[in-house]
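Here the protein sequences line up with chains A and B, keeping their order. Counting in the numbering used here, the first sequence runs from 1 upward without gaps. Counting in the numbering used here, the second sequence runs from 1 upward without gaps.
Wrong hints could be hidden among the right ones.
[As the list claims (entries may be wrong)] Calculated cross-link-like contacts (lysine to any residue; reagent style SDA-like; alpha-carbon spacing at most 25 angstroms):
1) A:187 - B:438
2) B:442 - A:234
3) A:94 - B:706
4) A:25 - B:119
5) A:156 - A:270
Calculated from the structure, these hints are not laboratory results.
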Amino acid sequence: MKEITYIAPESISEALKLLTKHKGKAVIFNGGTDVMIRLRENLIQPDYVIDIKRIPGLKEITFKKDGLHVGCCATMNEIAEHADVRKYYPYYAKACASVGSKQVRNRATCIGNIVNASPLADSATPLYAMDAVLLIEGPEGKREVPVREFITFVRKTVLAEDEIVLGVRVPYIKGAKGVYTKNSRRKEVDLSNVCATVVRTGDEYRIAFGSVAPTPKRLEKTEKLLNGKKITPALIEKAKQTAVTEVAPIDDVRASKVYRLDIVQAIVENSLLALGR
Amino acid sequence: MTQDGKYTEIGNSLPRVDGKAKVTGAAKYAGDYYFPRELWAQVVRSPYPHAKIKKIDTSAAEKLKGVRNVITGDYYKKRGGLYLADKNFLAYQTVKYRGEAVVAVCAETREIAEEACRLVKIDYEELPAVFSPMEAMKKGAPLIHPDLHTYRVAPIFHPVPHTNISHHHVLRKGDVKKGFRESYRIFEHSYHIPHVQHVPIETHVTTALYDTAGSLTVWSCCQSPYAVRAALADSFDIPLNKLRVISEFVGAGFGSKAGTTIEGIVIPLAQLNPGRHIRLDYSREDEFENAYVRQGMYARIKTGVDKKGKILAVENEFLWDGGAYTEYGVNIVKAAGFAGAGPYNIDNIATDSYCLYTNHPVGGPYRGFGMCEIHFAIEQNIDMIAKEMGISPVEMRKINGLRPGDTTNTGEVMKVSGYQDCLDTVIKALDYNRKSAQPKDKHKIRAKGIAAGWKSPSQPTDAASAAIIRMNEDGTFYLQTSAEEIGQGSNTVLTQIAAEVLNVNPDRITLTSGDTTANPYEWQTVASRTTYCAGNAVKLAAEDLKEHVLDLAQIKLGCAKRDIHLERDDDHHMTWVVATNHPENRVPISTFALGLTLPDGSGIGGPAIGTGRFVLPNNFAYNMEDSQSPKPVAFWTIGVTGAEVEVDTQTGHIKVLQMISCFDPGKTVNRALYDAQVEGGMIQAMGTAIFEELMLKDGRVLNKNFVDYKIPTADDIPERLESLIVEYPEETGPFGARGIGEPVMVPGAPAIANAVANALGHHFDHMPITPDDVLEVVRGKKSKSKAKR
Numbered sequence: 001m002k003e004i005t006y007i008a009p010e011s012i013s014e015a016l017k018l019l020t021k022h023k024g025k026a027v028i029f030n031g032g033t034d035v036m037i038r039l040r041e042n043l044i045q046p047d048y049v050i051d052i053k054r055i056p057g058l059k060e061i062t063f064k065k066d067g068l069h070v071g072c073c074a075t076m077n078e079i080a081e082h083a084d085v086r087k088y089y090p091y092y093a094k095a096c097a098s099v100g101s102k103q104v105r106n107r108a109t110c111i112g113n114i115v116n117a118s119p120l121a122d123s124a125t126p127l128y129a130m131d132a133v134l135l136i137e138g139p140e141g142k143r144e145v146p147v148r149e150f151i152t153f154v155r156k157t158v159l160a161e162d163e164i165v166l167g168v169r170v171p172y173i174k175g176a177k178g179v180y181t182k183n184s185r186r187k188e189v190d191l192s193n194v195c196a197t198v199v200r201t202g203d204e205y206r207i208a209f210g211s212v213a214p215t216p217k218r219l220e221k222t223e224k225l226l227n228g229k230k231i232t233p234a235l236i237e238k239a240k241q242t243a244v245t246e247v248a249p250i251d252d253v254r255a256s257k258v259y260r261l262d263i264v265q266a267i268v269e270n271s272l273l274a275l276g277r
Numbered sequence: 001m002t003q004d005g006k007y008t009e010i011g012n013s014l015p016r017v018d019g020k021a022k023v024t025g026a027a028k029y030a031g032d033y034y035f036p037r038e039l040w041a042q043v044v045r046s047p048y049p050h051a052k053i054k055k056i057d058t059s060a061a062e063k064l065k066g067v068r069n070v071i072t073g074d075y076y077k078k079r080g081g082l083y084l085a086d087k088n089f090l091a092y093q094t095v096k097y098r099g100e101a102v103v104a105v106c107a108e109t110r111e112i113a114e115e116a117c118r119l120v121k122i123d124y125e126e127l128p129a130v131f132s133p134m135e136a137m138k139k140g141a142p143l144i145h146p147d148l149h150t151y152r153v154a155p156i157f158h159p160v161p162h163t164n165i166s167h168h169h170v171l172r173k174g175d176v177k178k179g180f181r182e183s184y185r186i187f188e189h190s191y192h193i194p195h196v197q198h199v200p201i202e203t204h205v206t207t208a209l210y211d212t213a214g215s216l217t218v219w220s221c222c223q224s225p226y227a228v229r230a231a232l233a234d235s236f237d238i239p240l241n242k243l244r245v246i247s248e249f250v251g252a253g254f255g256s257k258a259g260t261t262i263e264g265i266v267i268p269l270a271q272l273n274p275g276r277h278i279r280l281d282y283s284r285e286d287e288f289e290n291a292y293v294r295q296g297m298y299a300r301i302k303t304g305v306d307k308k309g310k311i312l313a314v315e316n317e318f319l320w321d322g323g324a325y326t327e328y329g330v331n332i333v334k335a336a337g338f339a340g341a342g343p344y345n346i347d348n349i350a351t352d353s354y355c356l357y358t359n360h361p362v363g364g365p366y367r368g369f370g371m372c373e374i375h376f377a378i379e380q381n382i383d384m385i386a387k388e389m390g391i392s393p394v395e396m397r398k399i400n401g402l403r404p405g406d407t408t409n410t411g412e413v414m415k416v417s418g419y420q421d422c423l424d425t426v427i428k429a430l431d432y433n434r435k436s437a438q439p440k441d442k443h444k445i446r447a448k449g450i451a452a453g454w455k456s457p458s459q460p461t462d463a464a465s466a467a468i469i470r471m472n473e474d475g476t477f478y479l480q481t482s483a484e485e486i487g488q489g490s491n492t493v494l495t496q497i498a499a500e501v502l503n504v505n506p507d508r509i510t511l512t513s514g515d516t517t518a519n520p521y522e523w524q525t526v527a528s529r530t531t532y533c534a535g536n537a538v539k540l541a542a543e544d545l546k547e548h549v550l551d552l553a554q555i556k557l558g559c560a561k562r563d564i565h566l567e568r569d570d571d572h573h574m575t576w577v578v579a580t581n582h583p584e585n586r587v588p589i590s591t592f593a594l595g596l597t598l599p600d601g602s603g604i605g606g607p608a609i610g611t612g613r614f615v616l617p618n619n620f621a622y623n624m625e626d627s628q629s630p631k632p633v634a635f636w637t638i639g640v641t642g643a644e645v646e647v648d649t650q651t652g653h654i655k656v657l658q659m660i661s662c663f664d665p666g667k668t669v670n671r672a673l674y675d676a677q678v679e680g681g682m683i684q685a686m687g688t689a690i691f692e693e694l695m696l697k698d699g700r701v702l703n704k705n706f707v708d709y710k711i712p713t714a715d716d717i718p719e720r721l722e723s724l725i726v727e728y729p730e731e732t733g734p735f736g737a738r739g740i741g742e743p744v745m746v747p748g749a750p751a752i753a754n755a756v757a758n759a760l761g762h763h764f765d766h767m768p769i770t771p772d773d774v775l776e777v778v779r780g781k782k783s784k785s786k787a788k789r
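Model the full assembly from the supplied sequences, consistent with the hints where possible.
Encoded structure:
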């Protein structure tokens, strides 16, 4: 049987030192809701788990003029229930509130959801839509990576083994309105078979979909088609047709490819209608 | 019962007698028992659906520190099984499904046992596998049990030698050829029902101790301690007086714990380690793959009707995917063969129900015992015919539904039948004849659907039950049975029955069960038979004790026992024995607890104890050629469920808005528990109708977790759930009661399917009906048939 050493550093620098020391043999343990499953299914076999939850300051959620900052240890429920998130980014709050069950959301973090890099990560599409930026620290110092460049493939990111994502900055755009949609078999305690965020600022649109490609994805052609135009039934129809050319969903146990393509169209239509003409 | 003939307990909603123990954690389940110096068992499982075991190398595992034993199928070659002895606890020579136990390890800790499992090396030679009952039926199909013809089998089953057919059940009533000849129209429809899983909250767990004096004790989460005892005694040649099975509470069974499951793996290990407890726990993944599953099934129904819609003939065929072993599954196939044309008055029926071996997980009993599966076909078939004939589904059922005096599929004359009353009640409560009000959202369509169902207990015609009731010195009682409390409420109902007979407050009675050493025989806690069978035994035991008390009371009160009655006095927490004509002449019932002391100081009678013995009084074996018998089953429980759904044509989601059921329990012993059973049955049925399916590919379970095996959550439960009752007493039931636990699930899924069909104008030939399926129809394509053979 495999023994795993649990370490709970109390500072970022200590955590970074541990990651460097045990490079390749350690896994960062935040909410743990993905790590525990991957351990149980034998998909990862770390020698060390480094629990970052005891590091002070990483749970903070703050809103300033330049945007929202969410610390890496803020849980889904903390984000979903935060007054500023609900006020300025209600679709992001809704996305976080749609993850798993209440119990899971009490532990799971948004940053964990992003680092896990599942194509259907519920909290990813609002961040994609808003061009959020991840704040990363490693032995060589800090760097910032846009979320759209962070996730590179199914469960692949640009994060190095000795780096930690400390948080995410979500820019604030005045007047932006957004809609988050999750389509799943069950309303509660389920994974998305398609999820999406559509944000509108004036005549400008940002459309992000999850579970339709190896990574969450912005539908740039569809956005371009819509930008600057007045929403009409004909335009919505065109947007739906364009959207399906930009996604490449698969058949799996959760849904078929054709079903997902239908849902993509339904979400495009409903979101545009909800955001007004 | 009071002096003016009113029930004091029967019909009340007595709160569960085990409620406090369960809520506070005092109730002990098999997994709650931990013992000093316990050893842990773990199992190596087959990665192949069908393969020859060429070589097993256990040497590395045996050398691991802390490993006590490593055993293979060679260690214990004897096959066992409830109805058909086709199963080894550890695979012998071949593996027959992916996940089958091949090697068992016993070690000082669970972790060491798991590590040892990884060190076992097994060479397999893959064999051609069979993944559908149709393939299994084909001539020249790979034989999964080549020695089937040599297996021991209960005489009511028909394995076909040198095939994969482990049971072919034949029912013939009347003359179907003539029926079809006289028919105005003939319809043929096919359906498919996938495998589903029971998903009990408590996964399987067992601990065994072979003590140093040579007795074996097994702590097991089983529904039927006596059946487990019998199976284990037979398999391991242990005398029954040296084998004790303990199973006080079960964290839900739904059938998955009906037979012997994982106990057989630990017993050889216990015998190798006298004095040490051996424990085996199932993980949730194990539970999905290696516990019983509900068998998959393909149905084909050919129906002939006259101009008015009266069914003249039914010819149907059920092909059951029994999995690698069908020791229990054969009986489900038989039950389906008995009831295959449904609760309808049909003169000409020919049913063929086949149990087929495949290289799929092992099929076993699941709430409904085949009825949920066949009714998904039968009740959609009724609606489809009605529509094609241009008559309403209600009318179709009114014309054909069983009435008293009609004959069943097996030729039994129905003395009582609540079918028509249940139908009327549900139609009214659901307002079925009024079309659903449509929501504003243009993507949503609402519609209603109904379905009926029936079920009889599938048990031997001589299934037996016993109960003992003892009075304590203070006038309280111990009631002993081996009916198993699996969450259905049997402890409460049985307590109410004893309390009714003895006119005592139920809180004066403590029920003990789940220990074969201490409590008397019960065949099994399955088949919705407990209220009826165990209930009868308890009633007889209480009446026996009452007789004893009245005999002595004649002396004490100085009057004849016809003039003595028992009177409940809740104000004083006691029961009086009263001279009816001189009520002031009374003594507490406790006066007779240890017998009666006479004026001269001598005693008479001795401790008050009542025994009840019940065996089905009037069930007769059926004719093997045609399944006909004047009375082959104890009773039929009949009912109807109605559902209203909202189908979203944009996303394909089906929301069940309301479900209403009406059943005929004969006499409701506990209304709250009846409602709970009905509501649970409807929700479980809804799960199978729109969510649940064990997805299998090449014998592999693709969704062995709660992420991808969906069951309803509280959020999916319809806004309106209603359970209604009509009561036509069961002649031989205790106070007229018959069983309802399983029947209440039976019509739920087809009711939803019929409602969905009424919304979309399309009947799906399979379940679950997924959003994918719905959108396929919305897109204008015909939905993919999953019932094709």
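Holds or violated: are the alpha carbons of residue 187 of chain A and residue 438 of chain B at most 25 angstroms from each other?
It holds: about 22 angstroms lies between the C-alpha atoms, which stays within 25 angstroms.
Does the structure keep residue 442 of chain B and residue 234 of chain A at a Cα separation of 25 angstroms or less?
holds, 18 angstroms
Would you check the hint for residue 25 of chain A and residue 119 of chain B, treating anything up to 25 angstroms between C-alpha atoms as holding?
holds, 23 angstroms
Measure nothing beyond the straight line between the CA atoms of residue 156 of chain A and residue 270 of chain A; if it is 25 angstroms or shorter, mark the hint as holding.
Violated, at about 31 angstroms.
25 angstroms Cα cutoff - pair residue 94 of chain A, residue 706 of chain B
It holds: about 23 angstroms lies between the C-alpha atoms, which stays within 25 angstroms.
In summary, the one numbered hint that this structure violates is 5.
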